[in-house]
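**Q** One line per chain: the protein sequences are U and L, in this order. Mapping the first sequence onto my numbering, position 114 (from 1) lands on 130, and the numbers just tick up by one. Mapping the second sequence onto my numbering, position 457 (from 1) lands on 450, and the numbers just tick up by one.
No lab work stands behind these hints, which were simulated from the structure alone. The reader is advised that the hints may include incorrect statements.
[What the hints assert, rightly or not] Label-pair ranges, simulated between beta-carbon atoms: (1) U:D46 <-> L:S76: 54 to 62 Å; (2) L:R84 <-> U:K123: 31 to 39 Å; (3) U:E115 <-> L:S183: 40 to 48 Å; (4) U:D108 <-> L:V54: 54 to 62 Å; (5) L:S183 <-> U:E181: 35 to 43 Å; (6) U:D46 <-> L:L98: 38 to 46 Å; (7) L:A70 <-> U:E181: 50 to 58 Å; (8) L:L98 <-> U:E181: 31 to 39 Å; (9) L:N217 <-> U:E115: 36 to 44 Å; (10) U:A165 <-> L:R88: 51 to 59 Å; (11) L:A272 <-> U:A165: 31 to 39 Å; (12) U:D108 <-> L:N217: 39 to 47 Å; (13) L:L216 <-> U:S172: 31 to 39 Å.
[What the hints assert, rightly or not] Heads up, simulated EDC-like pairs for lysine to aspartate or glutamate below, C-alpha to C-alpha not over 20 Å straight-line: (14) U:K123 <-> L:E265; (15) L:K577 <-> L:D486; (16) L:K268 <-> U:E120; (17) L:K89 <-> U:E120; (18) U:K123 <-> U:D108; (19) U:K138 <-> U:D108; (20) U:K123 <-> U:D109; (21) U:K83 <-> L:D203; (22) U:K173 <-> U:D67; (23) U:K83 <-> U:D109; (24) L:K268 <-> U:E66; (25) L:K457 <-> L:E500; (26) L:K145 <-> L:E220; (27) L:K346 <-> L:D381; (28) L:K268 <-> U:D67; (29) U:K58 <-> U:E168; (30) L:K73 <-> L:E56; (31) U:K162 <-> U:D46; (32) L:K457 <-> L:D494; (33) U:K58 <-> L:D270; (34) L:K577 <-> L:D494; (35) L:K73 <-> L:E63; (36) L:K268 <-> U:E181; (37) U:K58 <-> L:D186.
All C-beta atoms, glycine included, are put in the ideal place defined by N, C-alpha and C.
Listed here are the chains, written in short residue letters.
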Amino acid sequence: MLQKKICMLGSFSVGKTSLVRRFVESIFSDAYQTSIGVKIDKKVVRAGNEDVTLVLWDIHGEDVYQKIRMSYLRGMSGYLLAVDGTRRQTLDDAMALNERVIQEAGKVPAVLVLNKSDLTEKWEIDSTRESELTTAGWNILRTSAKTGASVEEVFSKLTAAMLAE
Amino acid sequence: MPEQAQRRAPQGQPEENPPDNNHAYEELRHLIVAPEQEEIADIQERLEDRARRAEDVSSVVAEAISMRCEKKDGERALAKALSPTIQETLRESVRKDPHVLADALFPMMGPAIRKSITETLRAMLESFNAALEHSLSAQGIKWRIEAFRTGKSFGEIVLMHSLLYRVEQVFLIHRQTGLVLSHVVATSVSTQDPSMVAGMLSAIQQFVRDSFDSKNEETLGSLNVGELEVWIEDGPDAVIAAVIRGHAPPDYRLAMEEALEEIQQRYSSALENFKGDAAPFQSADELLSRLLATQHREPVGERKPRAALATIAIVVILVLGWIGYSSYLLWEWSRFLNAVRGQPGIVVISYDKQGGRYHIRGFKDPLAPDPNALLSHAGLNPNNAEFDLAPYYSLDDAIVVQRARQLLHPPEGVTLSEHQGELDVEGTASPRWIAGVADRAILIPGVATVDVSHLQDSHLLQLKAPQSAIESVFLLFPVGRAELEPGQENTFDQTQKQIRDIVAQAEHLGEQTSIELIGHTDSTGIEGTNQLLSQQRAEQVRARLLRGGVPPANLRPRGVGTTQPLRTEDTEEGRRLNRSVTFKVTFTPTSAVN
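Whenever a hint applies, use it, and build me the whole structure from the sequences.
**A** Structure (structure tokens):
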């Protein structure tokens, strides 16, 4: 079975962990994230005729107190960049983070996840900005941890992109 | 000053002879030496131009080194010259990127280090094993005490001390991605998802590397999780992690290193080009399994049940021994008490045991044996018993007989026996002892009646034979006469002697002899005459005996006529024997007489 290491990145409290919680297999407690800054989960995705095991490194959200350990990115085949759609600042932070990620780990397939899509009235990312990003080459998906919308799609899209490499 | 002079001298020389207008000479010289001069200039240029010089040297440097090496001591000189540079080069290389050298040296350094460590460890382990083996029995007890003291299980203590362990899982992890390449598990071990565990191990490795020791790229060698240890062996492209229950010996690390080296070598290109497909590493399972199988040891628990059994056996033996000994003592004591109870002259009213000592209360006849002596005789310690026995008169037959014996002093030949108050005295004794025995015996406590009917007078017994001899004599007389028949003199003399003897003998024994001289007649004649005649005959014999020296006190003559015929008178012989004097001898104790 094919295995891929993927990382999940994004600012603190954009809802990364809660986004995937219902969709992945997990054996470790969230305490790992606060102590060593990462927690490992697993997701099996069907791609074409084969199953692919995604080993998901759920990396602690970056904030003023804790920077992401770039060494955790080593060897990843792709990553999810999570943004809180109701806070525009998190998108800017994500883009800045993305620069550092590319610098460290090189260019690998990635999916930009605009989370909290259920909170439409508070949505801060306009469609112009979104289409700019698409033009820049981003795979973008709106998701909701609350409803579970498009979460499976995030994984399958990233898997497809990685297999295409 | 001399310094200036010296410096000026070379400058001044060409100035002293300038080529004044000597153009022709100059031209000539040019014609002659120009080619050489150009050549010299070219050489000079080559020497001065570093790039060209380097180019020149580069074409011959290898040959030059070879040539130098061939010379005597050349190799050493070269090494000496080059070593600072090489050292500096290596230092610089490591400073820049330690991976390059580390990766290059990895296949070579592993075995070298391992060999050296193995040698050291072997010596250490050998002595350790020997010590362990030699002291196993005593050790076992010590461990048990330790287990009891620390509240841990004995198994844990054994595990702790004898380095027993079990490798439960082995992971082969791709170093770069943290993805699991291969995973083997010991039988009957439950595991978590290996891909997540491998990922987490990598994350922890990274964390430790980042946090503590990022410079040397040294990583975590082991993790402790309760009873489990995770040993991690880090290679350039792959990592082996072994999950161990207990404490593995140091040489297990060598086995891990060897396996990792082999994997690095065998799968070098697969590791380098790994894109998430673990299929090429399936064959590594066998290598990893060997790590499981060869290092898995059964706990050396064989002695455990044996030691436990021995301990139990000892305890059982001790308990049984104690019970047996106690029972034996109890049995001995009850036997002793029964013996005491059965002992005539002792009555046990009660007994109890206080502080290991028996206290016995009751009564004891003064004639009964000492109970302490009985105790010693039974093999028991007299110090363990205390007797509180009041004196009394026992009516036990044996004691009564003993008491009678003590008071009556029976002479030899007399036996005493007693039954229900009747004392039987049997045997032969002197008439003096016999005379008082009945009166004295009746006073003895326990004696109600006395039977002396079976007592015989020893004196009478001695005198019986001569008495019979005398009493069988017939002194015969003729019809109608009071003179002895002729021919009776001898009989008379003999009888007289016998009488003298028996009187003397009886006197010696304290007996007074009384001899009746009984005169008889036959039935012829008239009765009145016969009576008289018989009296005369008795008197006649008495007179003769008196003359023969027999004391008169002993003789009592009397005539019985025909009243006591000795024979029937059918024949002449019968009538003859009735015309006679016969004797009747009796004895009386002298004291009784007095």
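**Q** All hints are to be evaluated individually against the structure, with a verdict given for each.
**A** So, going through the hints one by one against the coordinates:
As the Cβ distance of D46 (chain U) to S76 (chain L) is approximately 56 Å, the hint placing it in 54 to 62 Å holds. In this structure the supplied range 31 to 39 Å holds for R84 (chain L) paired with K123 (chain U), their Cβ-Cβ distance being about 35 Å. In this structure the hint that E115 (chain U) and S183 (chain L) lie 40 to 48 Å apart at CB holds, the actual value being about 45 Å. The hinted range of 54 to 62 Å is satisfied by D108 (chain U) and V54 (chain L), whose Cβ atoms lie roughly 58 Å apart.
Checking the proposed 35 to 43 Å range against S183 (chain L) and E181 (chain U) shows it holds: the Cβ atoms sit about 37 Å from each other. At about 42 Å, the beta-carbon gap between D46 (chain U) and L98 (chain L) stays in the expected band of 38 to 46 Å. For A70 (chain L) and E181 (chain U), the Cβ-Cβ distance of about 56 Å falls inside the hinted range of 50 to 58 Å, so the restraint holds. Checked against the given bound of 31 to 39 Å, the beta carbons of L98 (chain L) and E181 (chain U), roughly 34 Å apart, stay inside it.
At roughly 40 Å, the beta carbons of N217 (chain L) and E115 (chain U) sit within the given window of 36 to 44 Å. Checking the proposed 51 to 59 Å range against A165 (chain U) and R88 (chain L) shows it holds: the Cβ atoms sit about 53 Å from each other. With their beta carbons about 36 Å apart, A272 (chain L) and A165 (chain U) fall inside the hinted range of 31 to 39 Å. Under the hint 39 to 47 Å, the C-beta atoms of D108 (chain U) and N217 (chain L), about 44 Å apart, fit the expected range.
Separated by about 35 Å at the C-beta atoms, L216 (chain L) and S172 (chain U) satisfy the suggested range of 31 to 39 Å. At most 20 Å may separate the alpha-carbon atoms for a hinted pair to count; K123 (chain U) and E265 (chain L) meet this at roughly 19 Å. For the suggested pair K577 (chain L) and D486 (chain L), the alpha carbons sit about 17 Å apart, so the restraint of at most 20 Å is met. Taken as a hint, the K268 (chain L) and E120 (chain U) pair is honoured in the structure, with Cα atoms around 19 Å apart against an allowance of 20 Å.
Between the alpha carbons of K89 (chain L) and E120 (chain U) the distance comes to roughly 18 Å, so the proposed pair stays at or under 20 Å and holds. Simply put, K123 (chain U) and D108 (chain U) have alpha-carbon atoms about 19 Å apart, close enough for the 20 Å limit, and the pair holds. Of the pairs offered as hints, the one joining K138 (chain U) and D108 (chain U) holds, with about 17 Å between alpha carbons and a cut-off of 20 Å not exceeded. A hinted pair counts as satisfied when its Cα atoms are at most 20 Å apart, and K123 (chain U) with D109 (chain U) qualifies at roughly 18 Å.
Of the supplied pair hints, the one linking K83 (chain U) and D203 (chain L) holds, its CA atoms being roughly 12 Å apart against a limit of 20 Å. Distance hint between K173 (chain U) and D67 (chain U) is fulfilled; the C-alpha atoms sit about 14 Å from each other, no more than 20 Å. Distance hint between K83 (chain U) and D109 (chain U) is fulfilled; the C-alpha atoms sit about 12 Å from each other, no more than 20 Å. For the hint pairing K268 (chain L) with E66 (chain U), the CA-to-CA distance comes to about 15 Å; that is within 20 Å, so the pair holds.
Of the supplied pair hints, the one linking K457 (chain L) and E500 (chain L) holds, its CA atoms being roughly 14 Å apart against a limit of 20 Å. Only pairs whose Cα atoms come within 20 Å are accepted, and K145 (chain L) paired with E220 (chain L) is accepted, the gap being roughly 13 Å. Using a Cα cut-off of 20 Å, the hinted pair K346 (chain L) and D381 (chain L) holds, with the two alpha carbons roughly 14 Å apart. A hinted pair counts as satisfied when its Cα atoms are at most 20 Å apart, and K268 (chain L) with D67 (chain U) qualifies at roughly 15 Å.
Note on K58 (chain U) and E168 (chain U): the hinted pairing holds, with a Cα-Cα distance of about 13 Å set against a maximum of 20 Å. Between the alpha carbons of K73 (chain L) and E56 (chain L) the distance comes to roughly 19 Å, so the proposed pair stays at or under 20 Å and holds. For the proposed pair K162 (chain U) and D46 (chain U), the alpha carbon gap of about 19 Å is at most 20 Å, so the pair holds. For the proposed pair K457 (chain L) and D494 (chain L), the alpha carbon gap of about 13 Å is at most 20 Å, so the pair holds.
Restraint check for K58 (chain U) and D270 (chain L): the C-alpha separation of about 16 Å stays at or below 20 Å, so the hint holds. Taking the CA atoms of K577 (chain L) and D494 (chain L), the gap is near 15 Å; set against the 20 Å cutoff, the hint holds. At most 20 Å may separate the alpha-carbon atoms for a hinted pair to count; K73 (chain L) and E63 (chain L) meet this at roughly 15 Å. With a C-alpha separation of about 10 Å, the suggested pair K268 (chain L) and E181 (chain U) falls inside the 20 Å cut-off, and the hint holds.
Proposed proximity of K58 (chain U) and D186 (chain L) is supported: the alpha carbons are some 9 Å apart, at most 20 Å.
Of the hints listed earlier, there is not a single one the structure fails to meet.
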